[in-house]
Amino acid sequence: MLAIVRPGEIEPSIRLRETLHKVARLYALESAQGVEIHTAIDQRCHAIAGDLFEPACGVHLDDSRPWEGAEFWHCAASLQYQDRHADNIYRTNTQGTEHALDLARRAGARCFNYISTAYVAGTRSGSILEQPVEEGHNNNHYERSKVRAEQMVQSEPTMRTRILRPSIVIGHSKTRAALNFNGMYGFLRGLVKFRGAMERAQRSLAARLDVRVRADRHGTVNLIPVDHVARDAARLSLRDAPDGIYHLTTATPINTGSTLDTLFELAGFRRPKLVQTCDEFSSLDARFHRRVDFYTAYLVGPKQFSRAHTNAAAGTDEGGTFVLDTDTLTDFCNWYVERLEARRSVLPATR
Numbered sequence: 001m002l003a004i005v006r007p008g009e010i011e012p013s014i015r016l017r018e019t020l021h022k023v024a025r026l027y028a029l030e031s032a033q034g035v036e037i038h039t040a041i042d043q044r045c046h047a048i049a050g051d052l053f054e055p056a057c058g059v060h061l062d063d064s065r066p067w068e069g070a071e072f073w074h075c076a077a078s079l080q081y082q083d084r085h086a087d088n089i090y091r092t093n094t095q096g097t098e099h100a101l102d103l104a105r106r107a108g109a110r111c112f113n114y115i116s117t118a119y120v121a122g123t124r125s126g127s128i129l130e131q132p133v134e135e136g137h138n139n140n141h142y143e144r145s146k147v148r149a150e151q152m153v154q155s156e157p158t159m160r161t162r163i164l165r166p167s168i169v170i171g172h173s174k175t176r177a178a179l180n181f182n183g184m185y186g187f188l189r190g191l192v193k194f195r196g197a198m199e200r201a202q203r204s205l206a207a208r209l210d211v212r213v214r215a216d217r218h219g220t221v222n223l224i225p226v227d228h229v230a231r232d233a234a235r236l237s238l239r240d241a242p243d244g245i246y247h248l249t250t251a252t253p254i255n256t257g258s259t260l261d262t263l264f265e266l267a268g269f270r271r272p273k274l275v276q277t278c279d280e281f282s283s284l285d286a287r288f289h290r291r292v293d294f295y296t297a298y299l300v301g302p303k304q305f306s307r308a309h310t311n312a313a314a315g316t317d318e319g320g321t322f323v324l325d326t327d328t329l330t331d332f333c334n335w336y337v338e339r340l341e342a343r344r345s346v347l348p349a350t351r
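The UniProt record's numbering applies: residue 1 is where the sequence shown begins, and numbers increase by one.
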């Protein structure tokens, strides 16, 4: 495996391997294709310096097409969404995809795998098929940038292409460990910070608050462990899945109301009052929503993501069979909150 890593003070291959060794420990991985996992990382994983903001990612190739017949995986993305970050979002997610396509093309790659998001569905609800989407139904710049990137990938004339759409990725299904703390973790972090702000204003205030949240109590939230996403993606590659769009999602998403009740209680709040509009928001409700506005877009307009293409190409529906109940959700959240609180406890006191 050859990875493109941003240049820095530490040599790219060292940075890559340090990250992979950390992941192996977090996920309790033992071996890869019969080889001890840490040995496999050192032997098989290499990196070169590159920059997504540069044409062909800043990688200079001779005319030998060194990756002839290889599969190229483009996973890098900005998860920002606010207006003030718009330029960087499109520069990373849209122009960056153009640069990655350019590099893969020049290097002779056979197939370009693009990691998008199932939430390019935007404001649509109901059954979401594995098919192209157009702009106009997006909640934010992040979704819009991914739609534009998908359109470029679909228009690629020289390589085979697959667009892989995971839903909201959470930690490992066995260890609960995570490496990136976006999605569900970002919402939970917003709750913990909001509780801290309330406690600074008045002790025990958080436990007495009734917070309103705009959400569909009877809707669903599609949370999928990272190892299920990786397994589905690998199966599609190993089975040489045809060009197309593939949902990497669970077929049995957890109830939205139960999810929010669990997250609020873990953060030290009462269960929230779920409402359909923001009309009756108090000033505190509005303040909370400003902290988590990106995530609340995914609590309305229930979606059921079809896995027809994925199941057919992967030869199994195993990836979609993960079922998340509230006890398991609590385990995932506790793993994160324990580390979040530990990190906060070592921060210097402020005045």
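Derived from the structure by calculation, the hints contain no laboratory data.
Treat the hints with caution; some may be incorrect.
Keeping only pairs whose Cα atoms sit at most 30 Å apart, straight-line, the calculated DSS-like set for lysine-lysine is [as the list claims (entries may be wrong)]: (1) K193 - K174; (2) K193 - K22; (3) K22 - K174; (4) K193 - K273.
Pair by pair, the computed Cβ-Cβ distance ranges are [as the list claims (entries may be wrong)]: (5) E54 - D210: 48 to 56 Å; (6) R344 - K22: 18 to 26 Å; (7) R239 - H21: 35 to 43 Å; (8) L61 - P157: 17 to 25 Å.
For glycine and all other residues, C-beta sits at the position ideal for the given N, C-alpha and C.
Here is how each hint holds up against the structure:
no. : hint                   : in the structure
1   : K193 - K174            : holds, 28 Å
2   : K193 - K22             : holds, 27 Å
3   : K22 - K174             : holds, 16 Å
4   : K193 - K273            : holds, 19 Å
5   : E54 - D210: 48 to 56 Å : holds, 51 Å
6   : R344 - K22: 18 to 26 Å : holds, 21 Å
7   : R239 - H21: 35 to 43 Å : violated, 29 Å
8   : L61 - P157: 17 to 25 Å : holds, 20 Å
Hint violations for this structure: number 7 only, all remaining hints satisfied.
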